[in-house]
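The whole structure should be built from the sequences, with the hints applied where relevant.
Here is what each chain is made of, one letter per residue.
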Amino acid sequence: MRELLNLTGYEYKKIFQKRSTWIALGAVLLWVLFAGIGGTLGEYYIEGEKVDSHYQMIKQERYALEHLEVQELNPEFFEKMQEDMAEFSETMEGISDNPKAQGNLIQYWKEYYKVYAPYSALYTLLAMMKNRIGDLDIEEIDGTNFYENRDRMMELFFQGEELSEQEIIFHEKENEKIKTPYAYGNMLGFDSYFKMQAPNFIFLAFAVAVILAPMYAGERTSRMDALVLSSRYGKNKLIQAKILTGLSFALFAALGFSIIFLLEIQAVYGLSGWNLPIQASVEGFYLNLPVNLLEFLGIALGCSAAALCMTAMIVMFCSAKMKTPFGVIIICFAFIFAPIFLVNLAADNRFLYMLVCSLPTSMYYARSVAYHHLLSIGNHCFYFFQWVPAVYFCLIAVLAGWSYRCFKNHQIQ
Amino acid sequence: MELIFDRVTKQYKNKLAVDRVSLSLKQGVYGLLGANGAGKTTLMRMMCGVLKPDSGEILYDGRKVEEEAYRDILGYLPQEFGYYPDFSAMDFLMYLASLKGIPRKQARGTALELLELTDLSPVAKKKIKTFSGGMKQRLGIAQALLNDPKVLVLDEPTAGLDPKERVRFRNLISRLGTERIVLLSTHIVSDVEHIADVILVMKGGAIIHQGSFSEIIQVIDGKVWECTADSKTAEELSKAYPVLNIREGQNGTLLRLVCQEKPAETAVSVVASLEDLYLYYFSETEQGK
Ligand SMILES: Nc1ncnc2c1ncn2[C@@H]1O[C@H](COP(=O)(O)OP(=O)(O)O)[C@@H](O)[C@H]1O
Ligand SMILES: [Mg+2]
Numbered sequence: 504m505r506e507l508l509n510l511t512g513y514e515y516k517k518i519f520q521k522r523s524t525w526i527a528l529g530a531v532l533l534w535v536l537f538a539g540i541g542g543t544l545g546e547y548y549i550e551g552e553k554v555d556s557h558y559q560m561i562k563q564e565r566y567a568l569e570h571l572e573v574q575e576l577n578p579e580f581f582e583k584m585q586e587d588m589a590e591f592s593e594t595m596e597g598i599s600d601n602p603k604a605q606g607n608l609i610q611y612w613k614e615y616y617k618v619y620a621p622y623s624a625l626y627t628l629l630a631m632m633k634n635r636i637g638d639l640d641i642e643e644i645d646g647t648n649f650y651e652n653r654d655r656m657m658e659l660f661f662q663g664e665e666l667s668e669q670e671i672i673f674h675e676k677e678n679e680k681i682k683t684p685y686a687y688g689n690m691l692g693f694d695s696y697f698k699m700q701a702p703n704f705i706f707l708a709f710a711v712a713v714i715l716a717p718m719y720a721g722e723r724t725s726r727m728d729a730l731v732l733s734s735r736y737g738k739n740k741l742i743q744a745k746i747l748t749g750l751s752f753a754l755f756a757a758l759g760f761s762i763i764f765l766l767e768i769q770a771v772y773g774l775s776g777w778n779l780p781i782q783a784s785v786e787g788f789y790l791n792l793p794v795n796l797l798e799f800l801g802i803a804l805g806c807s808a809a810a811l812c813m814t815a816m817i818v819m820f821c822s823a824k825m826k827t828p829f830g831v832i833i834i835c836f837a838f839i840f841a842p843i844f845l846v847n848l849a850a851d852n853r854f855l856y857m858l859v860c861s862l863p864t865s866m867y868y869a870r871s872v873a874y875h876h877l878l879s880i881g882n883h884c885f886y887f888f889q890w891v892p893a894v895y896f897c898l899i900a901v902l903a904g905w906s907y908r909c910f911k912n913h914q915i916q
Numbered sequence: 056m057e058l059i060f061d062r063v064t065k066q067y068k069n070k071l072a073v074d075r076v077s078l079s080l081k082q083g084v085y086g087l088l089g090a091n092g093a094g095k096t097t098l099m100r101m102m103c104g105v106l107k108p109d110s111g112e113i114l115y116d117g118r119k120v121e122e123e124a125y126r127d128i129l130g131y132l133p134q135e136f137g138y139y140p141d142f143s144a145m146d147f148l149m150y151l152a153s154l155k156g157i158p159r160k161q162a163r164g165t166a167l168e169l170l171e172l173t174d175l176s177p178v179a180k181k182k183i184k185t186f187s188g189g190m191k192q193r194l195g196i197a198q199a200l201l202n203d204p205k206v207l208v209l210d211e212p213t214a215g216l217d218p219k220e221r222v223r224f225r226n227l228i229s230r231l232g233t234e235r236i237v238l239l240s241t242h243i244v245s246d247v248e249h250i251a252d253v254i255l256v257m258k259g260g261a262i263i264h265q266g267s268f269s270e271i272i273q274v275i276d277g278k279v280w281e282c283t284a285d286s287k288t289a290e291e292l293s294k295a296y297p298v299l300n301i302r303e304g305q306n307g308t309l310l311r312l313v314c315q316e317k318p319a320e321t322a323v324s325v326v327a328s329l330e331d332l333y334l335y336y337f338s339e340t341e342q343g344k
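Heads up: the sequence lines are chains C and F, in that order.
First residue of the first sequence? That's 504 in my numbering, and the numbers climb one at a time after it.
First residue of the second sequence? That's 56 in my numbering, and the numbers climb one at a time after it.
Hints are not guaranteed to be accurate.
Said to hold, decoys possible - Output of the computed footprint for chain F on chain C, the stretches with three or more beta carbons under 8 angstroms from beta carbons of chain F:
#1 506-512
#2 800-808
Said to hold, decoys possible - Residues on chain C that point at chain F, a partial pick, calculated with CB under 7 angstroms:
#3 Thr543
#4 Ser734
#5 Arg735
#6 Asn847
Read the hints as simulated data drawn from the structure, not as lab findings.
What you are looking at is a predicted structure, and each value in this text was computed from that prediction instead of being measured.
We treat Cβ as the ideally placed atom computed from N, Cα and C, and that holds for glycine.
As structure tokens, then:
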């Protein structure tokens, strides 16, 4: 065990002595920093006139959501919303045509946004609802029909996605477990985390591919293979150490960058709404999973970490099979990219669709890990986040064994 | 302590690199002598378990060379070996010590000793990428000795060493040979002439000769001649017999050649050296290149 950890330490040393490692990690860090604060940069314009900075708007919205009078989406909430918004019957875009705004657009906008801020996020949900249902007047949604309409929206989804009877029943049961009316508050932080998780992790996956590609192939190109393989632990503990290094690196990277990102999010948007149901957020509005935002964060992050480990294992496997790290990087980049294109092509075939959605890159999308399609085994239905990590676990074991054999039997010619 | 090769064969696509080699190595220094392409490296790779023979097997005291227990007592200097460019010499030795399962504390001491032995102490903390060829080679020799191996395999260990380093190396090897099997390959005769207990002559993938210096030299003993001839005779002679050396002298061309009986009136028999033997065997190959 001690030797294994010792060798693992050396594998880390090899990784961190490469400049490419630092460049890759630096690039991810820059991206993550940008992803967190990117939304606060820039200004909001109405017809070419700057009315406010994005940062100011976010601050205002956050404050409003954290100080709501009514903290659940009940009839009272909707009534208050309609009352508040009554005096500003125009949409935001139409503001400049309002006679009151003539000459003092900025002042008028500020008044308007002050009232609108607490409802901005909810309007997004209502717009999503309208998108799906079609003939729906957003103005008419209130505390009495909001939940009915959501049920209708979900039904339409299920029809469109050709879900099976069993899946629909499962989802209906899940839906019943969600406490209505939904608690409401500041879900902004979680929403932006979920939205940016996929780009962050895709970036990180590329970095992991670059960093781990030389794992085995590098021994070959640096011609250390003869020395390494003829040493006592070269054909057993060293390979175990390499696998341990790759997987732990992926895990640490996933957690490390997520923590950095969450700290940023907390600073900008706030994570105070952790106990809201995910249905109160944009990312969770289409889902039926009865969990709160914090629980869902755990699920999404867990899936992403598992997917990154899976990616790492695939990188290492290619590295054990292929001659040069460069080839490994090319293959793995293609592998990371592919699902983004494939998901639309596979939409018509349920099996292919499930397959594409279970690829690591798909698992970085928070929404898709709890999406409507379920894997049913006997009487049980499983969400992606339940069955995919289990499959990954098995695949990682298989690939680990395979790459182990590959490197062990590597012939020096 | 016995290493047995049993009809070991390795073929690359259309090239038979090692051809049914059967050998038995016991304690002592073995010099594997052969021209480039003779199959020395291939043979050594197989005995270090990094290349599988197509057929035949190699056993150490009845154990297969694929086993960890064998690698534990093996020291190997590959002909071409790499290094991690940003590791220092000390890092490199400490890393290989970990790979060889030597506890850290003990490894430090051994590594320092070996750096001293190979004259690398002053550069112990320098990155390997700044090393010259000879320094890398010495570092390679040092790493092979880390685990005090019972079987020490050195593939062209003197490549890149200067004459002074060569002498030091030879002395080191003859000392090491007293308690282990040392096999070193070379195409330079003087490397093994005096230190090898047994010389193995390899050609075309086969061991064509083995024995002590005095044994194998018998093949051409009494058959090496030197004579001085005019240029026309010299040309005829060099066509007829394997020529070991040729030099233009004042009274004609001085020839050293191998021949069963006296090749010319003026020829005198001289004492054969291992170099003569080598040239005798490999002259065709050398010319072919
Ligand atoms: N990887 C390889 N592929 C094909 N032929 C090879 C390979 N390695 C060695 N050979 C051939 O096998 C023969 C023996 O090579 P080698 O063992 O390196 O000889 P030596 O070490 O004595 O110079 C040579 O003719 C060489 O061309
Ligand atoms: Mg060679």
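These are the hints, each one checked on the structure:
1. With a threshold of 8 angstroms between beta carbons, the proposed coverage of the segment 506-512 of chain C by chain F holds, since 3 of its residues qualify and at least three are required.
2. Given a C-beta distance limit of less than 8 angstroms, the hint that chain F covers the segment 800-808 of chain C is violated, as 0 residues qualify and 3 are needed.
3. Hint on Thr543 (chain C) is violated. Least Cβ distance to chain F is approximately 40 angstroms, over the 7 angstroms limit.
4. The restraint placing Ser734 (chain C) at the interface with chain F holds, with a minimum CB-CB distance near 4 angstroms, inside the 7 angstroms limit.
5. With a least beta-carbon distance of about 5 angstroms to chain F, the hint placing Arg735 (chain C) at the interface is held under the 7 angstroms criterion.
6. Evaluation of the Asn847 (chain C) hint against chain F yields a violated restraint, the C-beta minimum of about 44 angstroms exceeding 7 angstroms.
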